[in-house]
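Sequence order for the protein chains is A and B. The letter at position 248 of the first sequence is residue 247 when you use numbering that gives the first Met the number 0, and the numbering goes up by one with no holes. The letter at position 163 of the second sequence is residue 162 when you use numbering that gives the first Met the number 0, and the numbering goes up by one with no holes.
Hints are computed from structural coordinates only; laboratory data are not their basis. Be aware that one or more of the hints could be misleading.
Calculated Cβ distances over 12 Å to all of chain A for the following chain B residues [what the hints assert, rightly or not]:
#, residue
1, 121
2, 122
3, 142
4, 149
Here are the simulated distance ranges between beta carbons [unchecked claim]:
#, chain 1, residue 1, chain 2, residue 2, range
5, B, 114, A, 80, 31 to 41 Å
6, A, 77, B, 114, 39 to 49 Å
7, B, 158, A, 293, 44 to 54 Å
8, A, 267, B, 25, 29 to 39 Å
Just so it is clear, CB atoms sit at the ideal spot from N, CA and C, and this is done for glycine as well.
The residues making up each chain are set out below.
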Amino acid sequence: MGQNIRDRLLSLLIQYQPQFVSGEEISRELGCSRAAVWKHIEELRQEGYEIEARPRSGYRLLYRPDRVAPEEIAYHLHTKKFGREIRYQEVVASTQILAHQWAREGAVEGSLVVAEEQTEGRGRLGRSWYSPPRSGVWMSLILRPPILLTEASHLTLLASLGVKQGIERVTGLPIQIKWPNDLLVHGKKICGILTELRGEQDQIHYVILGMGINVNTPEKNWPEELRAIATSLAIELGGPVHRASLIAAILEELEEVYDHYLQSGFSKIKAKWEQSSGIIGKQIVARTPQGVITGIAEHLNDQGALIIRTDRGLVSVHSADVSLK
Amino acid sequence: MSLKMHEIRELIRLVDESQIEEFEIDKEGTKVVIKKTSGRAQIATAPVQETPLAVSTQSVAPSVSAVATTPAVQPTAIAEPAPAPTPASPAVEDEANLHKIVSPMVGTFYRAPAPDADPYVKEGDVVDEKTIVCIVEAMKLMNEIEAEVRGTIVKVLVENGQLVEYGQPLFLVKTS
């Protein structure tokens with residue numbers, strides 16, 4: 000309840016900005032007393048919002064801190080399910096861990112865990128993910144897809160399409176997908192997607208899409224070993240990106256791709272992925288746990304595995320680090 | 000709930016695309032047995048150290064069939080009613096009494112959450128239904144496999160980093 004009133008209060012202030020909105024109007028809109036309005040204004044101030052209060056004029060928003068709190072995301076969000084329930088924390092070990100807990104407690108599809116900072120952000124197979132405070136989007140989305148477990152790998156490919164479209168919509172930057180779902184700008188990584196599944200036999204209990212996006216990380220802050228391979232949207236764009244609107248855009252695009260997939264299946268997603276990837280038809284090197292494979296990336300199969308034409312014939316790859324040769 | 004038509008169709012497709020020769024499922028009153036009778040090359044999925052290539056059996060030129068350097072499982076007479084020998088399981092003795100944890104999808108088998116971490120389980124470890132025994136990965140989807148039974152791990156049937164098929168046994172468990 001309190002959260003909801005604060006969401007709406009912030010929305011009002013943003014709508015009126017740079018004008019004043021009267022205390023009377025706020026209390027009418029929110030259906031609460033003027034004293035309660037004052038209390039919520041104070042809470043927002045504690046979060047870093049600068050709000051001017053003037054007798055007979057009301058309240059005016061002067062400064063909005065860059066936060067990924069639910070009230071900030073909600074203001075920009077037009078989805079049916081994705082991001083409609085949000086758990087937000089300033090600092091977490093990893094949003095994946097919280098999302099697993101929440102999913103086990105029964106979180107509904109589309110529930111989102113988001114944090115300003117991760118102290119133990121992780122990627123595939125225990126690799127760490129650099130997640131410094133207030134500079135990126137670190138979030139985990141809970142899905143309960145009504146599909147067969149053997150088809151669940153489709154989700155990682157469709158996720159890359161949704162996130163790509165969301166980032167492109169907000170920044171206009173050209174994003175390329177590296178198989179299966181890393182996102183690159185000018186050959187450097189800006190987003191990784193880690194998907195974790197819990198289920199049994201052929202039944203999926205839940206799937207967590209974990210996303211790490213380098214948004215406003217300045218170049219000087221990157222650890223040395225990452226500079227050559229990773230970049231941020233701000234570096235590529237020459238200016239900061241509003242993270243809460245970016246999250247909203249990504250959730251909208253993801254929801255659309257996901258709904259489309261549930262209705263029409265994988266074939267169109269696959270075709271779109273192949274167009275967007277930047278590796279199909281090119282000479283690549285795939286480092287798999289079973290060895291190194293070089294050849295030409297041909298297409299995806301119906302599971303989303305990458306088919307590579309080698310001098311020994313066609314080979315399908317399910318796990319690999321892929322790079323252009 | 001018994002098996003639905005589309006589930007059976009899906010099963011046939013999966014078995015067809017896989018390297019499994021014979022498949023049997025008994026689910027609440029519906030029993031489905033799928034056998035391949037074609038003279039297709041038998042493909043061993045046992046640890047293949049020398050051959051890094053995972054050969055896709057679908058949409059692939061027929062000339063590119065299998066590569067297996069390890070002693071392949073003997074193709075057995077398909078008409079026999081006995082349960083088909085599972086690839087990669089060397090012993091025969093008590094296996095019938097042991098529970099098999101099988102892979103729910105095609106992917107890469109990992110015994111540990113990270114290359115430098117301890118394996119989830121070792122032979123001799125006691126597990127319960129919720130114990131995570133391994134990860135199977137495909138397209139960066141990490142599927143943490145739970146034991147789903149109570150018991151003791153008797154044998155780990157596949158190597159870390161190996162490609163596993165749908166339905167391939169991963170562990171043998173003596174249930175308790």
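### Query
Against chain A, does residue 121/B keep a CB gap of more than 12 Å to every residue?
holds, 18 Å
### Query
Should the label of residue 142/B as a non-interface residue stand, given a Cβ cut-off of 12 Å to chain A?
violated, 5 Å
### Task
Just double-check residue 122/B for me: nearest Cβ-Cβ distance to chain A has to come out over 12 Å.
Correct as stated: the minimum Cβ-Cβ distance to chain A is 21 Å, above 12 Å.
### Message
Taking 39 to 49 Å as the stated bounds, is the beta-carbon spacing between residue 77/A and residue 114/B within them?
### Response
42 Å Cβ-Cβ, so the 39 to 49 Å window holds.
#### Entry: residue 158/B versus residue 293/A beta-carbon gap, inside 44 to 54 Å or not
violated, 23 Å
### Query
Taking the minimum C-beta separation from residue 149/B to chain A, is that value above 12 Å?
holds, 14 Å
### Message
A range of 29 to 39 Å was offered for this pair. Does it hold for the Cβ distance of residue 267/A and residue 25/B?
### Response
holds, 37 Å
### Pairwise beta carbon distance, residue 114/B to residue 80/A, judged against the given window 31 to 41 Å
holds, 37 Å
Hint check: violations occur at hints 3, 7; the rest are consistent with the structure.
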